[in-house]
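Participant: Protein chains in written order, with our numbering: chain B, 1 to 333; chain L, 1 to 172.
I should point out that these hints are in silico values taken from the structure, not numbers from a laboratory.
Ideal Cβ positions, reconstructed from N, Cα and C, are used throughout, including at glycine.
Among the hints, erroneous ones may be present.
Here are the computed lysine-lysine pairs in the PhoX-like style, where the Cα-Cα straight-line distance is at most 25 Å [what the hints assert, rightly or not]:
(1) B:Lys215 with B:Lys174
(2) L:Lys18 with L:Lys161
(3) B:Lys59 with L:Lys76
(4) L:Lys141 with L:Lys151
(5) B:Lys54 with L:Lys76
(6) B:Lys89 with B:Lys59
(7) B:Lys174 with L:Lys76
(8) B:Lys238 with B:Lys279
(9) B:Lys215 with B:Lys238
(10) B:Lys174 with B:Lys54
(11) L:Lys76 with B:Lys60
(12) B:Lys174 with B:Lys238
(13) B:Lys89 with L:Lys76
(14) L:Lys161 with L:Lys76
(15) L:Lys161 with L:Lys141
Coverage of chain L stretches by chain B, computed from C-beta distances (three or more under 8 Å per stretch; other residues unrestricted) [stated by the list, open to error]:
(16) 56-69
(17) 102-115
(18) 143-157
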Amino acid sequence: MTGGAVTMRPPGPLPAGIQLTPDGQLRHFLTIEGLPRALLLEILDTAESFAGVKNQAVKKVPLLRGKTIVNLFFEASTRTRTTFELAAKRLSADVLNLNINTTATVKGESLLDTLRNLEAMYTDMFVVRHADSGAAQFIARHVAPHVSVINAGDGRHAHPTQAMLDMFTIRRHKPDFSRLCVAIVGDIMHSRVARSQIHALSILGTGEVRVVGPKTLIPAEVENLGVRVFHSMADGLKDADVIMMLRLQKERMQGALLPSEHEYFQLYGLTEERLSVAKETAIVMHPGPINRGVEIGSEVADGSRSVILQQVTYGIAVRMAVMSMAIGARAGR
Amino acid sequence: MNLQVCDLVREMSEEIQKLIRAGGIERPLMVGIHTGGVWIAERLHALLGIEDPLGTLDISFYRDDFSRVGMNPRVKPSHLPLSVDGRHIILVDDVLFTGRTIRAALNEIFDYGRPARVTLAVLIERDGRELPIEARVVGHKLKLESRQHVKLSGPNPLELKIVNAPGGGGPQ
Chain B
1 MTGGAVTMRP PGPLPAGIQL TPDGQLRHFL TIEGLPRALL LEILDTAESF
51 AGVKNQAVKK VPLLRGKTIV NLFFEASTRT RTTFELAAKR LSADVLNLNI
101 NTTATVKGES LLDTLRNLEA MYTDMFVVRH ADSGAAQFIA RHVAPHVSVI
151 NAGDGRHAHP TQAMLDMFTI RRHKPDFSRL CVAIVGDIMH SRVARSQIHA
201 LSILGTGEVR VVGPKTLIPA EVENLGVRVF HSMADGLKDA DVIMMLRLQK
251 ERMQGALLPS EHEYFQLYGL TEERLSVAKE TAIVMHPGPI NRGVEIGSEV
301 ADGSRSVILQ QVTYGIAVRM AVMSMAIGAR AGR
Chain L
1 MNLQVCDLVR EMSEEIQKLI RAGGIERPLM VGIHTGGVWI AERLHALLGI
51 EDPLGTLDIS FYRDDFSRVG MNPRVKPSHL PLSVDGRHII LVDDVLFTGR
101 TIRAALNEIF DYGRPARVTL AVLIERDGRE LPIEARVVGH KLKLESRQHV
151 KLSGPNPLEL KIVNAPGGGG PQ
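All chains should be modelled from the sequences, with the hints used to inform the complete structure.
Facilitator: Here's what the structure looks like:
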């Protein structure tokens, strides 16, 4: 953590209190792990109501009028930041985008000082993206009581709003999770998205969850989360209803973990041919941005089973739901 | 309570029919407010044989007490099937009390477009208005103590009940 005087605790099971209010409402949204199924369903149902706002002539609702939301991004991101910003604006909140690499930390201001300053500006919510696992939790532990924190991705730990928009997309196409076989494909090891997806799928009672990828990219302990591990695409995709591709982070190529991009595509790239063993009705998802010709072929990414752009659209409604629930949970306190 | 909801709804539909004839309203668009207003609107819509599909509004995102009570966990999607631009809207709710629900509903409708006219029809009009809002079509008028609330349960059967709320009359 840049210049912080307080050491950051590693992520792990959260004390039950931190994410929820005493009466069980969402106060911060840091990780899916440990949240009750009813709360995940409430997020999905609320998002379903927000999904209609884009059809209005005036594409916004006045719910968070007068609230100020700060996008606190310590790590680059275009899609996530943009959809959070749009979600906040469609709720009529005011949005401040801070790219921390280029502001005060360069001048030596500590993270906690930055937080105190933002709180002193009467802000209501921090949306945090950080390269270190546990960063959002750290911030949630140290913010003033009137501020909510939403994790927009922390290191390898969690990306809960991405997982929820994935669940929303799945539910739109296949409403009964208990009958689904879902395959998560790619770099599970370094993926905060995969971790959050696995927790969400398991809490929602998904029939079968598989992870598919090379041995070097699947952590040994992943089976403890109740998933089946496959190292071959043919076996892992067989009869799957949902295929969730992960982005292969090219920086991993430099280590010894992976062969070349070309070789990876030969073994684990999603092509029409590989997809043929999945169910006829299978949908293909990807959190973006996609590496065409590395983890997914263009014919699949742009094909009829791809719901990748729907994920982007639904991401706005899901983030509207989470933001309004977290700010609403403070009502009357 | 001795009020038969279906009788009141039939009277309301006759009243609306009269208005339509007298005002020369063409193709009204009926919109019900969740949840009770939708139940009443469904019946009126059928009785009047309105061609265009029924619209529904959930005003949770337009309420004025969000910072006090927070998010409604049972919010439903709003659904206006057609453009509201230039249309005559018949807005239907179960109980008109403070007027705040109708204020929220009007704001929501205007985020969908610019209707030519909005007429309010309610099953029960009770005292306690906090905003200058009035219904054109009323099933029944009630005078209640501020602690009392009138509630519609449904959808089958639709029944009206008067309940004593602890802590006095709240909004909505």
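Participant: Which hints from the list above does the structure break, by number from lowest to highest?
Facilitator: Violated: hints 1, 2 and 18.
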